[in-house]
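Q: Put chain F on the given structure of chain R with help from the hints.
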Amino acid sequence: MNKFKSMEDKLGLNKFKPSHETHLKIRKEVNGKKVDEKNLVENVLFVCPAKVYTYDENKKEVIVSFENCLECGTCRVAAPDEVEWQYPTGGFGVTFRFG
Amino acid sequence: MVEEKFDVIVVGGGPAGLSAAFVAVKAGLSVIVLERGDYSGAKNVFGGIFFTNVLSEMMPDFFKDAPLERNVTKRRWSLLTSDGEISGEYKFNKFNKEPFNNSFTVLRAKFDKWFSEKVEQAGAMLITGAVVDDFIFDNGKIKGVKVRMDDGEIYGDVVILADGVNSLLAKKIGLHKELQKEDTIVSVKEILSLSKEKIEERFGLNGNEGVAFEYFGYAVKGAIGSGFIYTNKDTISVGVGVTIKSLLEHKINPNDALEAFKNHPVILPLIRGTEQKEYSAHLIPDGGYNKISKLYTDNIMVVGDAAGFVNASLFHEGTNLAVMSGKLAGETAIEAKNKGDFSAKILSLYEEKLKNSFVLKDLKQFRKLGKTLEKNPQIFNKYPIILEEFVSGLFTVDGEPKWQKEKRLFFELMKKESIFGFIKTAINLRRVIL
Numbered sequence: 002m003n004k005f006k007s008m009e010d011k012l013g014l015n016k017f018k019p020s021h022e023t024h025l026k027i028r029k030e031v032n033g034k035k036v037d038e039k040n041l042v043e044n045v046l047f048v049c050p051a052k053v054y055t056y057d058e059n060k061k062e063v064i065v066s067f068e069n070c071l072e073c074g075t076c077r078v079a080a081p082d083e084v085e086w087q088y089p090t091g092g093f094g095v096t097f098r099f100g
Numbered sequence: 186m187v188e189e190k191f192d193v194i195v196v197g198g199g200p201a202g203l204s205a206a207f208v209a210v211k212a213g214l215s216v217i218v219l220e221r222g223d224y225s226g227a228k229n230v231f232g233g234i235f236f237t238n239v240l241s242e243m244m245p246d247f248f249k250d251a252p253l254e255r256n257v258t259k260r261r262w263s264l265l266t267s268d269g270e271i272s273g274e275y276k277f278n279k280f281n282k283e284p285f286n287n288s289f290t291v292l293r294a295k296f297d298k299w300f301s302e303k304v305e306q307a308g309a310m311l312i313t314g315a316v317v318d319d320f321i322f323d324n325g326k327i328k329g330v331k332v333r334m335d336d337g338e339i340y341g342d343v344v345i346l347a348d349g350v351n352s353l354l355a356k357k358i359g360l361h362k363e364l365q366k367e368d369t370i371v372s373v374k375e376i377l378s379l380s381k382e383k384i385e386e387r388f389g390l391n392g393n394e395g396v397a398f399e400y401f402g403y404a405v406k407g408a409i410g411s412g413f414i415y416t417n418k419d420t421i422s423v424g425v426g427v428t429i430k431s432l433l434e435h436k437i438n439p440n441d442a443l444e445a446f447k448n449h450p451v452i453l454p455l456i457r458g459t460e461q462k463e464y465s466a467h468l469i470p471d472g473g474y475n476k477i478s479k480l481y482t483d484n485i486m487v488v489g490d491a492a493g494f495v496n497a498s499l500f501h502e503g504t505n506l507a508v509m510s511g512k513l514a515g516e517t518a519i520e521a522k523n524k525g526d527f528s529a530k531i532l533s534l535y536e537e538k539l540k541n542s543f544v545l546k547d548l549k550q551f552r553k554l555g556k557t558l559e560k561n562p563q564i565f566n567k568y569p570i571i572l573e574e575f576v577s578g579l580f581t582v583d584g585e586p587k588w589q590k591e592k593r594l595f596f597e598l599m600k601k602e603s604i605f606g607f608i609k610t611a612i613n614l615r616r617v618i619l
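So the protein lines, in turn, are chains R and F.
Final position of the first sequence in the working numbering is 100; the numbers increase by one with none missing.
Final position of the second sequence in the working numbering is 619; the numbers increase by one with none missing.
Hints are computed from structural coordinates only; laboratory data are not their basis.
This structure is a prediction, so every number in the text was calculated from the model and none was measured.
Some hints could be false.
Unchecked claim - Some, not all, of what chain F presents toward chain R, calculated at C-beta under 10 Å:
id : residue
1  : Asn287
2  : Val291
3  : Arg293
4  : Thr313
5  : Leu353
6  : Glu363
7  : Ile437
8  : Tyr464
9  : Trp588
10 : Lys590
Glycine is no exception: its CB is placed at the ideal position from the N, C-alpha and C atoms.
Bound-form chain R, shown alone:
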């Protein structure tokens, strides 16, 4: 319908300096209950503007593409119990050139 870039290509426009360590984690358990990762990704974490979270059907776990994170905090607010969120260490992560 248009010639605008896809999400993946859009993220490619940004300046990122990925850390070797993730700043985003999914808790395995919340209040003693095992987290349903598939349900979490499909019904909650799909709201991530950079689609950082995907569910790997083979491995049966969430893949966290933290290197694409725009550091907005949407996932933290959408799933406060399940997402363990911190800022990337200084010097890493996204650097906006326009902002």
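A: Then chain F, alone, in the frame of chain R:
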């Protein structure tokens, strides 16, 4: 890493933190600003317009060297329907003269960086790449902050939390509750490049004039949210903002909402032929007056987005609230320093000052905005459709006698929504947006 002790530690080098630092350092206090990005602005995003009414009090000549994009002389508010719009706009030439109505489009990576340089020139120390994870406590009292780096302890009398919308630090010490899905907007934005000449031609502008177009109604696939277009020098900022709750309910990803907005027949011609340059996302604290954090405690003040200072009404103001709150926190720090007392008792002056300023007065006026929009979803889905049918019907040229057409359209309209329903919604809306 830094041996000495400071009067003021500012966490976060955005407009609120930099304003606090600027005011305090100008009065002779020792000030350190800790910014987590590679430079001030590296992690910052807004629409947007920088409203400079408070900045100009602090730096009267700022527009002579600040990296401003365009001065906003034209604003449009538009109700989008599924394939059209009904809009109102103003354009005033008097806004094209100093002080330019205190409304400029800026790009934060450039503007915040410039602001931070001014603060450094005034004598504050700025450390970039510095993520603050925690406070330093001594006998239950806050004595400083811990930066995530070797020897990262920094000591100071007062810590000004300007760490933005997520403000993990304010939450850590219980000043702020967690953001709620219904009063947090996620905004996604693209920077699109277009030549200066084309922007001026396309948007009807002379020289440095710029536009701010805001789109409501069917802007984001019927979800509770809005879209915007702002003109910069040789780029356009286009984006949407939707509450996290509404995205979850409608099962819409914010990027898909942005793509739908960009491809709307009203928007597409405005951004045609542009090249995408950057894609960003940021949260907006939309809870208003009722969700403001506790603003101070012993040795702590909270400013800007960290405190929840955003006026999400039709005026869409955030930066001037940030600058004002920072300025008032800076002034309060000066008084605390003079008294040699940084306890909550003295810092309560910060809240007093805010109550007497437009920051808390405006937020109080619009305190019911979020709830009203949530309780009136017809504004975002039903009304755009029936208003379009009415207005487009009225102006359709087809030979039907006018009196007959007006009567027919009126009765069709009344079948869909009663006069009472319209009036009630209109009154509710007027109370919260203007």
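Q: Taking the hints in turn, state whether each one holds.
A: Hint check:
1. Asn287: Cβ of F/Asn287 sits 20 Å from chain R, so the hint is violated.
2. Val291: holds, 9 Å
3. Arg293: At about 3 Å, which falls below the 10 Å cut-off, the nearest Cβ of chain R leaves the hint on F/Arg293 intact, so it holds.
4. Thr313: holds, 7 Å
5. Leu353: holds, 7 Å
6. Glu363: holds, 6 Å
7. Ile437: holds, 8 Å
8. Tyr464: holds, 4 Å
9. Trp588: Status violated, d = 42 Å.
10. Lys590: violated, 35 Å
Hint compliance for this structure: hints 1, 9, 10 are broken, all remaining hints hold.
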